[in-house]
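Visitor: My request is simple: use the sequences and hints to build the entire structure.
Note that the protein sequences, when read in sequence, are chains A and B. Just so you know, our numbering puts 1286 at position 195 of the first sequence, and the rest follows in order with no gaps. Just so you know, our numbering puts 637 at position 18 of the second sequence, and the rest follows in order with no gaps.
Think of the hints as simulated: they come from the structure by calculation, not from any bench. Mixed in with the good hints there might be a few duds.
Here are the in silico distance ranges between beta carbons for each label pair [as the list claims (entries may be wrong)]:
no.: 1; chain 1: A; residue 1: Asn1153; chain 2: B; residue 2: Gly840; range: 27 to 35 Å
no.: 2; chain 1: A; residue 1: Arg1575; chain 2: B; residue 2: Glu916; range: 56 to 64 Å
no.: 3; chain 1: B; residue 1: Asp883; chain 2: A; residue 2: Ile1588; range: 55 to 63 Å
no.: 4; chain 1: A; residue 1: Arg1575; chain 2: B; residue 2: Lys954; range: 25 to 33 Å
no.: 5; chain 1: B; residue 1: Arg742; chain 2: A; residue 2: Pro1272; range: 37 to 45 Å
no.: 6; chain 1: A; residue 1: Lys1503; chain 2: B; residue 2: Leu759; range: 41 to 49 Å
no.: 7; chain 1: B; residue 1: Lys901; chain 2: A; residue 2: Arg1575; range: 51 to 59 Å
no.: 8; chain 1: B; residue 1: His673; chain 2: A; residue 2: Arg1351; range: 29 to 37 Å
no.: 9; chain 1: B; residue 1: Asp929; chain 2: A; residue 2: Lys1225; range: 51 to 59 Å
no.: 10; chain 1: B; residue 1: His673; chain 2: A; residue 2: Lys1271; range: 48 to 56 Å
no.: 11; chain 1: B; residue 1: Glu916; chain 2: A; residue 2: Lys1361; range: 46 to 54 Å
no.: 12; chain 1: B; residue 1: Gln949; chain 2: A; residue 2: Ile1443; range: 33 to 41 Å
Ideal Cβ positions, reconstructed from N, Cα and C, are used throughout, including at glycine.
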Amino acid sequence: MSVTLPATETERSAQRAPVINDFSIQVATVNGSGSQTANLVLLRSIFQMGIPVSGKNLFPSNIAGLPTWYTIRANRRGYISRKKEIDFLVAMNPETAKEDVLSLEPGRAVVYDAPLNLQALRSDLVFYPVPFDKIVAEVCSEAKLRRLVKNMIYDGVLSHLLGIELGEMEKALAKQMGKKPKAMELNVGALEGGRKYAAEHLVKQDPYRVERMNQTTGQVLVEGNAAAAMGCMFAGVTVVAWYPITPSSSLPETLIGYMRQYRMDKETGKATFAIVQAEDEIAALGMVVGASWAGARAMTSTSGPGISLMSEFAGLSYYAEVPAVVFDIQRVGPSTGLPTRTAQSDLLFAAINSHGDTKHVLLLPASVTECYEMSMEAFDLAERLQTIIYVMSDLDLGMNTWMAEPFKYPEKPLDRGKVLDEAKLKELGTWGRYKDVDGDGIPWRTLPGTGMPAFFTRGSGHNEMAQYTERPDDYLKNLDRLARKFETAKTLVPAPIVQDVPGTKIGIIAFGSSHWAVEESRDQLREEANIQTSYLRVRAYPFTPDVHDFIRRYDRVYVVEQNRDGQMLSLLKMDGDPKFATRLRSVLHYNGLPIDARSVTDGLLEQERQT
Amino acid sequence: MSEAPTPAKKTNRIGLDVAPYRGSKTTLCAGCGHNAISERIIDAFFEMGVDPKHVVKFSGIGCSSKSPAYFLNPSHGFNSVHGRMPSVATGAMLANKNMLSIGVSGDGDTGAIGIGQFVHLMRRNLPLIYIIEDNGCYGLTKGQFSPTADLGSKAKNGVVNDLPPIDTCALAIQLGASFVARSFSGDKKQLLSVLKAAISHRGTSMIDVISPCVTFNDHEGSTKSYSYVKDHDEPLGEVSFVPYFEDISVDYEPGSTTAVKLHDGSQLYLRKIAPDYNPSDKVAAMRLLHETSRRNEFATGVIYIEPDKDDFIDLLNLVDQPLASLTVDQVRPPKAALDAIMESLR
Chain A
1092 MSVTLPATET ERSAQRAPVI NDFSIQVATV NGSGSQTANL VLLRSIFQMG IPVSGKNLFP
1152 SNIAGLPTWY TIRANRRGYI SRKKEIDFLV AMNPETAKED VLSLEPGRAV VYDAPLNLQA
1212 LRSDLVFYPV PFDKIVAEVC SEAKLRRLVK NMIYDGVLSH LLGIELGEME KALAKQMGKK
1272 PKAMELNVGA LEGGRKYAAE HLVKQDPYRV ERMNQTTGQV LVEGNAAAAM GCMFAGVTVV
1332 AWYPITPSSS LPETLIGYMR QYRMDKETGK ATFAIVQAED EIAALGMVVG ASWAGARAMT
1392 STSGPGISLM SEFAGLSYYA EVPAVVFDIQ RVGPSTGLPT RTAQSDLLFA AINSHGDTKH
1452 VLLLPASVTE CYEMSMEAFD LAERLQTIIY VMSDLDLGMN TWMAEPFKYP EKPLDRGKVL
1512 DEAKLKELGT WGRYKDVDGD GIPWRTLPGT GMPAFFTRGS GHNEMAQYTE RPDDYLKNLD
1572 RLARKFETAK TLVPAPIVQD VPGTKIGIIA FGSSHWAVEE SRDQLREEAN IQTSYLRVRA
1632 YPFTPDVHDF IRRYDRVYVV EQNRDGQMLS LLKMDGDPKF ATRLRSVLHY NGLPIDARSV
1692 TDGLLEQERQ T
Chain B
620 MSEAPTPAKK TNRIGLDVAP YRGSKTTLCA GCGHNAISER IIDAFFEMGV DPKHVVKFSG
680 IGCSSKSPAY FLNPSHGFNS VHGRMPSVAT GAMLANKNML SIGVSGDGDT GAIGIGQFVH
740 LMRRNLPLIY IIEDNGCYGL TKGQFSPTAD LGSKAKNGVV NDLPPIDTCA LAIQLGASFV
800 ARSFSGDKKQ LLSVLKAAIS HRGTSMIDVI SPCVTFNDHE GSTKSYSYVK DHDEPLGEVS
860 FVPYFEDISV DYEPGSTTAV KLHDGSQLYL RKIAPDYNPS DKVAAMRLLH ETSRRNEFAT
920 GVIYIEPDKD DFIDLLNLVD QPLASLTVDQ VRPPKAALDA IMESLR
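Guide: Right under this line is the structure:
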């Protein structure tokens, strides 16, 4: 039987059939009011009960005062993309409460701060008024601390209404609080206060409930930026240069924490790494290029505006053939755009970033696990290919909390690429910095201080021996070799994940964080509209031949992505056989919120109907 | 053996003759001050007996920035991006702190497009010899004004520069550079001494070298012309340098000479003109720069020095081995580390 009920059916069944482990909770608060602890406790306690869960923080570009929403989705089938509809609202913010309530579908539930009097707004919702100030006064005698624990009360209320075990909440709280007994005691008091109030005063009228499952055993909860930071550390990064920017900052900042713990001598404080907060993104990439040129494993992390500033160095890295690893935690643009909203809209820009004839390798992680693994691959690729590698994450993946199997310890040795040593020099006889002796477009490089022959690195015209030249034939030869190197990249980058379903004429292509909505949408299409789809998830640019083979196999290929102009589709068109370009269609989502399955399903069905 | 004896080549203390200190043939204009600076760099590194294989060379973009190709051929060099050489040099020094690094910039590359990176390089006191080949104009794009151009000077096309010049020495001192000097490309003796002292200094050595542009800025009225600098150079005194490996006595009269002991044990001697000038006094250095510039003169020599200041690499407390040469065992934490992190996320 189908367990994902269409909205209308949910409405009708609201009063009778319980909806178990399949709903979304949205908590609306004021930024800076300390709700993050309460929200993470809520998320973690559902996770600890074995129920697949995801959390998405929708926050403003502001320190305190503007509205913020945190959405938690529990889903027994394991769907962890954003759910478009909100089932259970916790309305704590007077400024947005009215609009939040008016935007709900009928039959949904609202817990709200009693003085807001929201029940007057609608008659088709379930309302649970809770006098938060009164309860907090009872559980916390110190007035100045009340603001900090008030949010924990809604966790207590939800514990009762949704059936989340209080013991799990306390365990999750202990994880958040660490060794702070007083804070722990106060918060547990608030939890219990909320639970008790709900038990005594609220009558359960909504259908949503949790029930213990075993779908999260052994798993971890982690943000993509933290996962990428781990990947960088285990890849053996030695130089990090960065400039603060949302939503990227938490990557280097988490990395600093890990590196101080695991890469610093406990007694002497001596470090096997240098992390520098640069004066801007230009300097950040400049330092990375300088460090990589001298033999370090170096990276930087930024977002779209930073990529813009790094463009000139990106071209230098490409043409002078210096490794660099750059994380782009994408956010909405253009210009400052919406700094705290997610997008996949730097794809095209990154692929050909810089002036002149450039094209770059992009890695496209879709999960926190891939953030970890592709970070390691990025360093190997950068040094193997002697060029800049972009890891294209986004705000949704980077800053939100995702479930994952524990990460695997890397078994592969580091690939430091073609670095000339005594033995190789002897074998080659003569060495030229930009000479393609292996036929793969990748020349041998030397590092300063190793005693190997020196060369003069320049972004201007150079021949095979790294000498300055303006000769047309030298320039042509060099550019053609770089193109050959890009062909070699196709054999090294992560291959796509392909799922061919026999009999269907429809294919879907997606990448990055869109993956989760596509997975769910494919089930919706099959279960609700009886449409089977095949699916290819792109994991890197340049595209391996499988990508174009996939397009050839299907009549209609929907490219799902989170930008306005279909950037992946454009790249596929640029790169592929023009004969098949007409098979490509776009399903786009670009309002700044993480993509959801319903939008994908609706977007695809609408075009199918017109076919 | 009956071969005629060939005259022995002059060698330095590591047994090299001057050849490996030379570079490729210059492509700059004949008479360009920058070529004279390259010659002095060759002399200084040769005389100091620095192994060229332990030197890295950097530059930005412009006439000046071409010059690292004209000295120290056996050293790795990096002609980077306009105004961004400091960041590239910083990265390279982080990767291999054992290298001796020299960067050549110009007045546009430093004072205009690169002023931001210049500022932060000085703040960090990165171990780097930073030379500005200062001719007050953009040569490679045919003579436009740079930020060190004279107030009121007139370009060939008639455009008048109505903005005051940036004094890169004053700026460097204010920002934290630990060795600040100004010299003139035509003053062989002083420039050589300054460069040798800079090689011995650990920290940023910022050297502004006035270097007339023979094509665009050597005309009458330019304060960066050969004739003007010759007439208006106010040397702070004679700069003498004694490397740590040469034990010679200096015949300066006590009281007229300041001796500064540098990082590697070498001695820098500054014979004073102004008897109360103290090169380790920031306030005195700033006063000197302001007073001479008010008279349209240049004070040349070592203007400021702080030999014992921690440099950027010291502050990072790196392991002794260069980061670039660390092996996988040194940079990949054990599986237990990953397990511990995973446990904390459950």
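Visitor: For each hint, tell me whether it holds in the structure or not.
Guide: Comparing the hints with the structure gives:
The supplied range of 27 to 35 Å is broken by Asn1153(A) and Gly840(B), whose beta-carbon atoms lie about 55 Å from each other. A hinted range of 56 to 64 Å for the beta carbons of Arg1575(A) and Glu916(B) is consistent with their spacing of about 58 Å. A hinted range of 55 to 63 Å for the beta carbons of Asp883(B) and Ile1588(A) is consistent with their spacing of about 58 Å. Checked against the hint of 25 to 33 Å, the pair Arg1575(A) and Lys954(B) fails, with Cβ atoms roughly 39 Å apart.
Taking 37 to 45 Å as the suggested C-beta distance range, the pair Arg742(B) and Pro1272(A) conforms, at roughly 43 Å. Checked against the hint of 41 to 49 Å, the pair Lys1503(A) and Leu759(B) passes, with Cβ atoms roughly 46 Å apart. Roughly 56 Å separates the CB atoms of Lys901(B) and Arg1575(A), a value that falls within the hinted 51 to 59 Å. Between His673(B) and Arg1351(A) the beta carbon distance is about 31 Å. The supplied range of 29 to 37 Å therefore holds.
In this structure the hint that Asp929(B) and Lys1225(A) lie 51 to 59 Å apart at CB holds, the actual value being about 58 Å. For the pair His673(B) and Lys1271(A), the beta carbons lie near 52 Å from each other, so the given range of 48 to 56 Å is met. Evaluation of the 46 to 54 Å hint for Glu916(B) and Lys1361(A) yields a pass: the beta carbon distance comes to about 48 Å. Taking 33 to 41 Å as the suggested C-beta distance range, the pair Gln949(B) and Ile1443(A) conforms, at roughly 37 Å.
Hint compliance for this structure: hints 1 and 4 are not met, and every other hint is.
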